[in-house]
Amino acid sequence: MLRNVGEILNILERAGYEASAFQTTAKPFSAADEATRVAKDGFDLIVAAGGDGTINEVVNGIAPLKHRPKMGIIPAGTTNDYARALKIPRDDAVEAAKLILKGQTVKMDIGQANDKYFMNIAGGGFLTELTYDVPSEFKSVLGYLAYVVKGAEMLPRIKPVKMHIEYDDGVFDGKASMFLLGLTNSIGGFEQIAPDASLDDGNFALIVVKTSNVAEIIRLMTMVLNGGRHINDSNIIYAKTRKVIAKTASGEKMKINLDGEYGGDAPMTFVNLRQHIEMFANVDEIPDRALSADPT
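Here the numbering used here is used: position 29 in the sequence shown is 64, and no number is missing along the way.
No lab work stands behind these hints, which were simulated from the structure alone.
Among the clues, some could well be false.
[Claimed, not checked] Straight-line distance between alpha carbons at most 30 Å, and here's what the computed DSBU-like set of lysine-lysine pairs gives: (1) 288 / 142; (2) 210 / 62; (3) 151 / 62; (4) 105 / 142; (5) 142 / 197; (6) 133 / 194; (7) 151 / 105; (8) 105 / 133; (9) 75 / 62; (10) 278 / 197; (11) 275 / 290; (12) 194 / 210; (13) 278 / 151; (14) 122 / 210; (15) 105 / 62.
[As the list claims (entries may be wrong)] Pairwise CB distance ranges (calculated): (16) 55 / 248: 52 to 60 Å; (17) 127 / 287: 44 to 52 Å; (18) 204 / 284: 19 to 27 Å; (19) 129 / 102: 25 to 33 Å; (20) 284 / 40: 26 to 34 Å; (21) 194 / 64: 44 to 52 Å; (22) 204 / 63: 33 to 41 Å; (23) 194 / 76: 16 to 24 Å.
Note that the coordinates shown come from a computational prediction; the quantities given were computed from them, not determined experimentally.
We put the beta carbon where it would ideally sit given N, CA and C, even for glycine.
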């Protein structure tokens, strides 16, 4: 990535931007703080080079602001789910930057979780916690496969959580192994977990997995891989919703996962901020069903 910085800056200049580069540091929230600074200084575009964690930081840096610059993405992480959803090249930084020359953007929905923000996925329950247990060196070497290996290792230890989930059209009260809120159809390397998710319609795709039986979960995973048929299974609640309130039974703890990182504990309120940040994307390759509005 570093060897391409000069070429990428040149591409941004060709696109009409006066470009400069900032390298994040080990300081917590380095990318978020820099994004806030340049947004307040009136910059028109922020290009985030990194994985989903870096993109999440930049989103958290600008989402609370009235003036929010456009965003570009140069994938440089492990799974790069968000880049996959926007059809951005994930193995060539220069080609990813050239999408900005193409000039196509989507006004993307962003999720707010209490006082934090996420751009792709939020969730709680046993299966959402596996991302915390995958060592960073495994992620770097194995990528998506690292999550599969860790998930298989954790399956025998699944235990349900007694959840209270309120959403637009109903309430779920009962035991579940996890709930997910998707803003795109690309979650953990899978593109069929939320098969009809829209990028800009103001709705989360809510999934509640009611079973904690290992055999049932494996069966559901097989259905995910076979065209997303899991959404019609009796062990699944699947709904579109603008708002979700997630709680647990008294005394039970549930960690909340925001874009693959620990985001706090339930109770938590999630609100969809419709078309909140304009992102450069390869719109020609995004299925029409994933876009509710006319992209620019």
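The hints, checked one at a time:
1. Among the hinted pairs, residue 288 with residue 142 is inconsistent with the structure: their alpha-carbon atoms are about 35 Å apart, more than 30 Å.
2. The suggested pairing of residue 210 with residue 62 is violated, with an alpha-carbon distance near 39 Å, which exceeds 30 Å.
3. The suggested pairing of residue 151 with residue 62 holds, with an alpha-carbon distance near 18 Å, which does not exceed 30 Å.
4. Distance hint between residue 105 and residue 142 is fulfilled; the C-alpha atoms sit about 9 Å from each other, no more than 30 Å.
5. Using a Cα cut-off of 30 Å, the hinted pair residue 142 and residue 197 is violated, with the two alpha carbons roughly 36 Å apart.
6. For the suggested pair residue 133 and residue 194, the alpha carbons sit about 46 Å apart, so the restraint of at most 30 Å is broken.
7. A distance of roughly 19 Å separates the Cα atoms of residue 151 and residue 105; the hinted pair therefore holds under the 30 Å criterion.
8. At roughly 15 Å between alpha-carbon atoms, residue 105 and residue 133 fall within 30 Å of each other, so this suggested pair holds.
9. At most 30 Å may separate the alpha-carbon atoms for a hinted pair to count; residue 75 and residue 62 meet this at roughly 20 Å.
10. Restraint check: the Cα-Cα separation between residue 278 and residue 197 comes to about 20 Å, which is no more than 30 Å; the hinted pair holds.
11. For the proposed pair residue 275 and residue 290, the alpha carbon gap of about 23 Å is at most 30 Å, so the pair holds.
12. Distance hint between residue 194 and residue 210 is fulfilled; the C-alpha atoms sit about 9 Å from each other, no more than 30 Å.
13. Restraint check: the Cα-Cα separation between residue 278 and residue 151 comes to about 15 Å, which is no more than 30 Å; the hinted pair holds.
14. As the CA atoms of residue 122 and residue 210 are separated by approximately 36 Å, the hinted pair breaks the 30 Å bound.
15. Using a Cα cut-off of 30 Å, the hinted pair residue 105 and residue 62 holds, with the two alpha carbons roughly 24 Å apart.
16. Restraint check, residue 55 to residue 248: a C-beta distance of roughly 54 Å satisfies the suggested window 52 to 60 Å.
17. Taking 44 to 52 Å as the suggested C-beta distance range, the pair residue 127 and residue 287 conforms, at roughly 45 Å.
18. Distance hint for residue 204 and residue 284: a CB-CB separation of about 23 Å, consistent with the stated range 19 to 27 Å.
19. Between residue 129 and residue 102 the beta carbon distance is about 29 Å. The supplied range of 25 to 33 Å therefore holds.
20. For the hinted restraint 26 to 34 Å between residue 284 and residue 40, the CB-CB distance of approximately 51 Å leaves it violated.
21. Distance hint check: the CB atoms of residue 194 and residue 64 are about 33 Å apart, inconsistent with the given range 44 to 52 Å.
22. Look at residue 204 against residue 63: about 38 Å separates their beta carbons, and that is inside 33 to 41 Å.
23. Checked against the hint of 16 to 24 Å, the C-beta distance between residue 194 and residue 76 comes to roughly 49 Å, which is inconsistent with it.
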